[in-house]
Amino acid sequence: MKDIFTKISSNKELKIGVIFLIMLILIAVFAPHIANYDPYVLNDDIIAKPSSKYIFGTDGLGRDVFSMVIYGSRTSLKIGVLAAAISSVIGTLIGGIAGYIGGTVDKIISEIINMFLMLPTFFLILIVVAIYGGSLKNIIIVIGLTSWTGTARLMRAQAMSLRERTFIKSAITIGESNKEILFKHIIPNGIFPIIADSTMAVSSAILSEAGLSFIGIGDPNVVSWGKIIAHGRGYLTNGWWICTFGGIAIIFTVLAFYLIGEGINNLLNPKSSRLN
Amino acid sequence: MVNSLMKIKGLTKWYIPKGKNKNKIIKAVDGIDLSINKGEVLGIIGESGCGKSTFGRMLVALEKPTAGSIKFEGVPINQILKENQLHFKKNCQMIFQDPFDTFDPRNNIQRILTTPLKIHNIGSSHKERIDMIIEIMEETGIKPAKDFIHRYPHELSGGQLQRISIIRSMLLNPKLIIADEPVSMLDVSVRADIINILLNLIKKHGTSMIFISHDIATTGYVSDKIAIMYLGKIVEIGSTDDIIKNAQHPYTKVLISNCASIDPFEKRNRIKVKGEPPTPVGTGPGCYFYERCYRGNDRCKESYPEMMDLGNGHYASCFNI
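Residue numbers (this note's numbering), protein chains in the order written: chain C, 1 to 276; chain Y, 1 to 321.
Careful, some of the hints might be misleading.
[Claimed, not checked] Quick list of in silico lysine-lysine cross-link-like pairs, PhoX-like style, CA-CA up to 25 Å:
no., chain 1, residue 1, chain 2, residue 2
1, C, Lys169, Y, Lys175
2, Y, Lys9, Y, Lys118
3, Y, Lys18, C, Lys107
4, Y, Lys64, Y, Lys9
5, C, Lys169, C, Lys184
6, Y, Lys82, C, Lys179
7, Y, Lys204, Y, Lys38
8, Y, Lys7, C, Lys184
9, Y, Lys175, Y, Lys38
10, C, Lys169, Y, Lys90
11, Y, Lys204, Y, Lys245
12, C, Lys169, Y, Lys64
13, Y, Lys64, Y, Lys90
14, Y, Lys204, Y, Lys9
15, C, Lys184, Y, Lys127
16, Y, Lys7, Y, Lys203
17, Y, Lys253, Y, Lys204
18, Y, Lys301, Y, Lys274
19, C, Lys107, C, Lys53
20, C, Lys169, C, Lys78
21, Y, Lys118, Y, Lys90
22, Y, Lys272, C, Lys169
23, Y, Lys118, C, Lys179
24, Y, Lys118, Y, Lys175
25, Y, Lys18, Y, Lys64
26, Y, Lys64, C, Lys107
27, C, Lys184, Y, Lys90
28, C, Lys169, Y, Lys118
29, Y, Lys71, C, Lys169
30, C, Lys179, Y, Lys64
31, C, Lys169, Y, Lys82
32, C, Lys184, C, Lys107
33, Y, Lys245, C, Lys179
34, Y, Lys71, Y, Lys7
[Claimed, not checked] Derived list of chain C stretches under chain Y, where covered just means 3 residues or more per stretch with a C-beta under 8 Å from a C-beta of chain Y:
no., region
35, 134-145
36, 163-176
[What the hints assert, rightly or not] Label-pair distances were calculated between CB atoms; the ranges are:
no., chain 1, residue 1, chain 2, residue 2, range
37, C, Ser10, Y, Asp193, 38 to 44 Å
38, C, Ser10, Y, Val75, 27 to 33 Å
39, Y, Lys143, C, Glu111, 31 to 37 Å
The set of hints was computed from the structure by calculation and includes no laboratory data.
What you are looking at is a predicted structure, and each value in this text was computed from that prediction instead of being measured.
Even for Gly, the Cβ is constructed at its ideal location relative to N, Cα and C.
Pulled out of the complex, with its shape left as it was, chain Y reads as follows:
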């Protein structure tokens, strides 16, 4: 595809424990194939411990994959990192979950925001850089920006800090942003604000985004495409409409049927899940979801189902579709 921005193939991250338990490999991310187009927002949904954060960290080269390849604009990222590390960092930014710990507590906002500009040689003078950050701060609702630039991170609220975090990433004008649960630590009342700021900025700059979350409603609102992750594997991927309204994989169905709704009288058939929350240790050989699945059969026990093409870019890995 011409406008493909990042292609991920068989991306794997295994944590191999030291000592005797060599067979207890933790398969945090276990073979992910994905492709992100320019300007697209891809949502990744999964429960705690399914490896979605590890996946995001590998995409910005914070973690080294055990196997698999990531190609950014057709070039493997290992090669880009060797040749021009700053170029890759400028184009691949991350927004972290915890806004209170994203910034060095000893730096003030001005220093936090001008540092990336200085590193990437954007703006010719100190004054120009300050003008740039003030402009974008006002644009995202941190007003009056002049009062804020001399404050320290602990003097700001979570919502304000997450705005700063978004501004800092967007100042570099990246091609891809990885947002790792950007609003899950914020107060519900400011979540919508932050999400809208983020969406406006990426639309304006034509940036692609990978939105990692466990909140289906938010992800549905943000994304063009959604991938559902379970124990390090993608079990279903498709356009947002297909996933929310026409889910095929049993796990996706369970998730969506249990999604909280604001209408208490809405009738829903909740699908209950049995079994323990998953651990990515000693999985396989059958379908990872088999033990908790409500419609598993013997076939599911024997081998892991391949991705099935359901048309229109909708794929799911289940034998019982």
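Only chain C is shown next, with the shape it has when bound in the complex:
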């Protein structure tokens, strides 16, 4: 435990990322205590400037931007983490199977991965959301189901190199089944780069959701940063604060996950870590 702590603090990117993330989680958990207004309640002060009453001002419908940003963190974190979890699980399984089994199975799966890579993911998400509706659940599932290709390719490469190692051969000779080898040896030994990759996937999922909300097809029932910006776009000339604070929140979150991913990557890969 102490070991992990010193490792985290030895890496600047990881340290900053983890501090940001802890702040974000605290904000999301204690949102009702931090926010001074209900983000869904409209009030009479429309497009009020940032002041001591409204820290980040109010939007075109008189909602408190600060409270919206605080509550928005819940939506963004939920989407980011769940979508990344779905995509990493799918990617790890598909990539692991392709890399370990090899041969025809690998060829077929690789072609499927290439197909998904060629698809303009964002438009696919648009179509699915347009057909099945933009509830939070749908958005999470759709983002998760379309963004697993990177993880799959990474895991496939890992599995292919692990497959040739002696300990896999020895597991085969003592009679372990392919399923046991895949889940007990290949995946646990190849998972570290995947963890780093998944952390970055969280930030791209948050960005996808923000993009969807921005063009107006996010979940209409929850506050999200993308929606704050989309709403603020119309008031950009006379209410700069609406877009700005929503945007800063997105940058802050994406940066936190990106730094953590990059930090883990550096820690695990001695070749890429800089000499201090």
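We have chain C; now place chain Y onto it with these hints.
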């Protein structure tokens, strides 16, 4: 033969490169006929790249042969693998060259050793299995075993790991063990120990062993029978005494005459070999050893010599015997 354990006939493994170089087939193993009896130790000697490891891997079904058949107790192994894969795996075990990479680095010794028992349903409870592994660990000199079972592979030395590897194979009580250069990565000081542990265990259980190595002295010490491999083919096979003291094939003679001895004053006529180390690409049609052989003649260039029976189970494939 009644007590024949494994019969190998025309075993071949070719690697065919993709693309244009279709004629550059790599003949890693090129037609091997062998038979291993119960309780026998067969040594296989050959230089790097002669296909001896590929041969060993085919015997435990890690690689699929291109052609030829392997019969285990009279039944073709393809059939056994289809019908009862676990039964074959239990009876045919392998000890690998690199002890540092034989075990999953994330598993501790207890898990490494109990896994094969669990898979093959040996021992009725977890506790019984642990007692079994502790007993055999103490027997092979890993003492105190209780301290070791919670350690991870990287915390053990090469010699200790190779002992664990031997224990793991022997726990299944196999009928055949393939030892692929089991001591070549170990420190010289522990080699004898490991070899003796291995020999004691297989004698005790009546296990047969195929001992693959490039070290003639070790192989001579271990084996009842020795086969010499050159470029995927067996060039000479016979009892250990016949091979070491009465080698007939020029390649065997070269190997034995160059074998290092501890006595610096011992007089020997070293036979020097000319030519490049061999590659198994584009061999034939003549004798594969012709280019480096010190007594080749025109006949050797034209066709590959058949195995000649020299009596007493001693065979060699050379025209000039």
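Here is what the structure says about each hint:
Of the pairs offered as hints, the one joining Lys169(C) and Lys175(Y) holds, with about 19 Å between alpha carbons and a cut-off of 25 Å not exceeded. Of the supplied pair hints, the one linking Lys9(Y) and Lys118(Y) is violated, its CA atoms being roughly 34 Å apart against a limit of 25 Å. In summary, the hint linking Lys18(Y) to Lys107(C) is supported, as the alpha carbons are separated by about 15 Å, within the 25 Å threshold. For a cut-off of 25 Å, the pair hint linking Lys64(Y) to Lys9(Y) stands: about 14 Å separates their Cα positions.
For the proposed pair Lys169(C) and Lys184(C), the alpha carbon gap of about 14 Å is at most 25 Å, so the pair holds. At roughly 17 Å between alpha-carbon atoms, Lys82(Y) and Lys179(C) fall within 25 Å of each other, so this suggested pair holds. Simply put, Lys204(Y) and Lys38(Y) have alpha-carbon atoms about 13 Å apart, close enough for the 25 Å limit, and the pair holds. With a C-alpha separation of about 35 Å, the suggested pairing of Lys7(Y) with Lys184(C) is violated against the 25 Å cut-off.
Simply put, Lys175(Y) and Lys38(Y) have alpha-carbon atoms about 8 Å apart, close enough for the 25 Å limit, and the pair holds. Taking the CA atoms of Lys169(C) and Lys90(Y), the gap is near 15 Å; set against the 25 Å cutoff, the hint holds. Annotation: proposed proximity of Lys204(Y) to Lys245(Y) is violated, straight-line Cα distance about 29 Å (limit 25 Å). Under the criterion of a C-alpha separation no larger than 25 Å, the hint pairing Lys169(C) with Lys64(Y) is consistent with the structure, at around 14 Å.
Proximity of Lys64(Y) to Lys90(Y) is assessed by CA-CA distance (about 19 Å); at most 25 Å being required, the pair is judged to hold. About 29 Å separates the Cα atoms of Lys204(Y) and Lys9(Y), which puts this hinted pair outside 25 Å; it is violated. The straight-line distance between the Cα atoms of Lys184(C) and Lys127(Y) is roughly 22 Å, inside the 25 Å bound, and the hint therefore holds. With a C-alpha separation of about 21 Å, the suggested pairing of Lys7(Y) with Lys203(Y) holds against the 25 Å cut-off.
Taking the CA atoms of Lys253(Y) and Lys204(Y), the gap is near 34 Å; set against the 25 Å cutoff, the hint is violated. A distance of roughly 16 Å separates the Cα atoms of Lys301(Y) and Lys274(Y); the hinted pair therefore holds under the 25 Å criterion. Distance check on the hinted pair: Lys107(C) and Lys53(C) sit about 61 Å apart at the alpha-carbon level, beyond 25 Å; violated. Distance check on the hinted pair: Lys169(C) and Lys78(C) sit about 41 Å apart at the alpha-carbon level, beyond 25 Å; violated.
Pair hint Lys118(Y) plus Lys90(Y) holds up; C-alpha atoms about 12 Å apart against a cutoff of 25 Å. A distance of roughly 38 Å separates the Cα atoms of Lys272(Y) and Lys169(C); the hinted pair therefore is violated under the 25 Å criterion. Taking the CA atoms of Lys118(Y) and Lys179(C), the gap is near 15 Å; set against the 25 Å cutoff, the hint holds. For the hint linking Lys118(Y) to Lys175(Y), the alpha-carbon distance of about 19 Å falls within 25 Å, and the restraint holds.
Taking the CA atoms of Lys18(Y) and Lys64(Y), the gap is about 18 Å. The hint holds against a cut of 25 Å. Between the alpha carbons of Lys64(Y) and Lys107(C) the distance comes to roughly 20 Å, so the proposed pair stays at or under 25 Å and holds. The hinted pair formed by Lys184(C) and Lys90(Y) meets the criterion: a straight-line CA distance of about 20 Å does not exceed 25 Å. This hinted pair checks out: Lys169(C) and Lys118(Y) have alpha carbons roughly 18 Å apart, not beyond 25 Å.
Under the criterion of a C-alpha separation no larger than 25 Å, the hint pairing Lys71(Y) with Lys169(C) is consistent with the structure, at around 22 Å. Distance restraint check for Lys179(C) and Lys64(Y): the Cα-Cα separation of roughly 20 Å lies within the 25 Å cut-off, and the hinted pair is therefore satisfied. Distance hint between Lys169(C) and Lys82(Y) is fulfilled; the C-alpha atoms sit about 19 Å from each other, no more than 25 Å. The hinted pair formed by Lys184(C) and Lys107(C) meets the criterion: a straight-line CA distance of about 24 Å does not exceed 25 Å.
Between Lys245(Y) and Lys179(C) the alpha-carbon distance is near 50 Å, which puts this suggested pair outside the 25 Å criterion. Restraint check for Lys71(Y) and Lys7(Y): satisfied, since their Cα atoms lie roughly 5 Å apart, inside the 25 Å limit. Coverage of the region 134-145 of chain C by chain Y is violated in this model, with 0 residues showing a Cβ closer than 8 Å to a Cβ of that chain against a need of three. Check on the region 163-176 of chain C: 11 of its residues sit with their Cβ under 8 Å from a Cβ of chain Y, so the three-residue criterion for coverage holds.
Ser10(C) and Asp193(Y) have their C-beta atoms about 42 Å apart, which keeps the hinted 38 to 44 Å range intact. As the Cβ distance of Ser10(C) to Val75(Y) is approximately 59 Å, the hint placing it in 27 to 33 Å is violated. Range check, Lys143(Y) to Glu111(C): about 55 Å between beta-carbon atoms, so the 31 to 37 Å window is missed.
Taken one by one, the earlier hints fail for this structure at numbers 2, 8, 11, 14, 17, 19, 20, 22, 33, 35, 38, 39, listed in ascending order.
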